[in-house]
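K.L.:
Sequence:
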Amino acid sequence: MALVTFAQRKKKESSPTTQRRRSDPRLQTLRSVPSLLSVAMLNGAAPQADDELWRELADTSVECELCNEPYDEDDGVDGRIPRLLVCGHTFCQSCLEDWANVGAAANGTAAAVECPTCRRVTRFDGAVGARALPKNFELVRVRQEMEAQTQSQLRRLQEAWNTRVREKEQLAREAEEHARTAQRESVQASQRALFLAKQVEINEQEKRRAQELAEEARHRALVASQQAEALQAETETLKRQLQTDAAQLARVQLDASSAAAVAKELHSKAEQLQQQVDCVRAQLSLHAGRHDPSKLVVLVGEPTTVGSWLLPYTRYAVISIASDSAEGAQAIDPFQAAKTWTRLRRVEEPSSSVKVYRRYSDFVWLQRELQRQFPFELVPCVPGKQLFFNKEKEFVGERMRLLQAFLRGVLRLPQLAVTEEVRAFLLSTTEELDSLRRASSTYQSSSLDDDTLLLDEDSLDDEVEARSSPPPANSPPPTSNGSGLSKRSSSWSAWGAVSAITSSAAKLVTTT
1 MALVTFAQRK KKESSPTTQR RRSDPRLQTL RSVPSLLSVA MLNGAAPQAD DELWRELADT
61 SVECELCNEP YDEDDGVDGR IPRLLVCGHT FCQSCLEDWA NVGAAANGTA AAVECPTCRR
121 VTRFDGAVGA RALPKNFELV RVRQEMEAQT QSQLRRLQEA WNTRVREKEQ LAREAEEHAR
181 TAQRESVQAS QRALFLAKQV EINEQEKRRA QELAEEARHR ALVASQQAEA LQAETETLKR
241 QLQTDAAQLA RVQLDASSAA AVAKELHSKA EQLQQQVDCV RAQLSLHAGR HDPSKLVVLV
301 GEPTTVGSWL LPYTRYAVIS IASDSAEGAQ AIDPFQAAKT WTRLRRVEEP SSSVKVYRRY
361 SDFVWLQREL QRQFPFELVP CVPGKQLFFN KEKEFVGERM RLLQAFLRGV LRLPQLAVTE
421 EVRAFLLSTT EELDSLRRAS STYQSSSLDD DTLLLDEDSL DDEVEARSSP PPANSPPPTS
481 NGSGLSKRSS SWSAWGAVSA ITSSAAKLVT TT
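Each residue of the sequence shown is one higher than the one before, starting from 1 at the first, in the working numbering.
Honestly, the hints are just simulated from the structure, not real lab data. Possibly wrong hints are sitting among the right ones.
[To be verified] SDA-like, lysine to any residue: derived pairs with alpha carbons at most 20 Å apart:
| id | residue 1 | residue 2 |
| --- | --- | --- |
| 1 | Lys264 | Gln243 |
| 2 | Lys135 | Cys67 |
| 3 | Lys355 | Gln241 |
| 4 | Lys355 | Lys264 |
| 5 | Lys239 | Gln272 |
Kindly generate the complete structure, drawing on both the sequences and the hints.
P.N.:
Here you go:
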């Protein structure tokens, strides 16, 4: 039995685990403990070992090197109580009992055991056996502390694992809920996609219609673009003039005596030029057709009597104010714009305005031209003619109000508001409007109408101007109707000659 136990111990010593443990540097540290420590413990003296040595001993010796079993406090035959040898090495009680029976001489009361590590002999009482050797309670305490720490770590790991499992389950439930939500959203998205597809088709149709309207408007805006280019060229000229004046100002500043006066004069001139540039830019947006004609605020005011004392006529200022902004700003109120113009004679920024002068015959021409082009549209009416007392303040004020109502009624009709005649009436100069009137069929037919023999203050002056101006070179020969008209109006020839002279003088003064 002893031989079998000895063979088992040798086999265990030759195992890889035992060899690895013996090669552990921590075990080498334990083997280097002085033998005096064991001797002092066997003699019952309190060892004065260093704390670090005992800490290292506790960290590295928690199991027996022979059986590789952990130490315990069992005092039985198979107990694993750690026992100290004289050399300072520690082994379990069971291994020392077997080792003493095999490798030691057990003769009577004395027994000796050879250390398996350093081969040093330790003697003890053979009757008591390995129990006579001192216990290494420090190793047992360290082992208990390590077990307690291991249990606490296991509990923490278990809690962490349970927490992770609960989090995973919560994430799984949330993912399932998100999946159901995503499925509902996908169904809604597919429905919205079908709706958007229909809407896109409708938008394409509207886009094609808008392109057709834009192409038509592009043709109508050709003349306006030419005028815009002319205004742009004028703006560039003003800019160059401003730069020239600025350079002149820099040169004049060299002269200290007259620098202040010249600088003040040039600064005033620069402000005037800048105001002109701003005015040109504001009018450029109206001439370029960037504003909706139906949103123009039209004012008719400032009645002025012009002409000779024999044939005077009244002209009115037609002010077109853009109530909408090209930059998308908030539109001004039409009533507020009219009130502001009446009080301050101007429109507050950033609205654009154009001011032209028109006669009563111009309003009549516009109404007849619109009736000719749109025979099935209800064109607003202009106030009637009055031969006598037509210069009274009450009559002029009432006619001015009715003419303004006529223009606003025209602008409310989309088909009438976008015509070239309305645009020319509101934005063109007096000379351009006269050219357009001569080119239109309404103007030619109105000159042959018998109603022109009425003594209206505007139509009579038009006839005088037509008779006083020489006929153009490419004009056709007069017809029989024209000769009849000249015969019927021969009684007014002397009066017309005087009126032509006075009208020319009045126009010269007005232009100046």
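K.L.:
Would you mind marking each hint as holding or not holding in the structure?
P.N.:
Comparing the hints with the structure gives:
With a CA separation close to 16 Å, the supplied pair Lys264 and Gln243 stays within the 20 Å bound. A distance of roughly 18 Å separates the Cα atoms of Lys135 and Cys67; the hinted pair therefore holds under the 20 Å criterion. Straight-line distance between C-alpha atoms of Lys355 and Gln241 comes to about 25 Å, which puts the hinted pair past the 20 Å bound. For the given pair, Lys355 sits about 31 Å from Lys264 by alpha-carbon distance, which is inconsistent with the 20 Å threshold.
Distance check on the hinted pair: Lys239 and Gln272 sit about 12 Å apart at the alpha-carbon level, within 20 Å; holds.
Hint compliance for this structure: hints 3, 4 are broken, all remaining hints hold.
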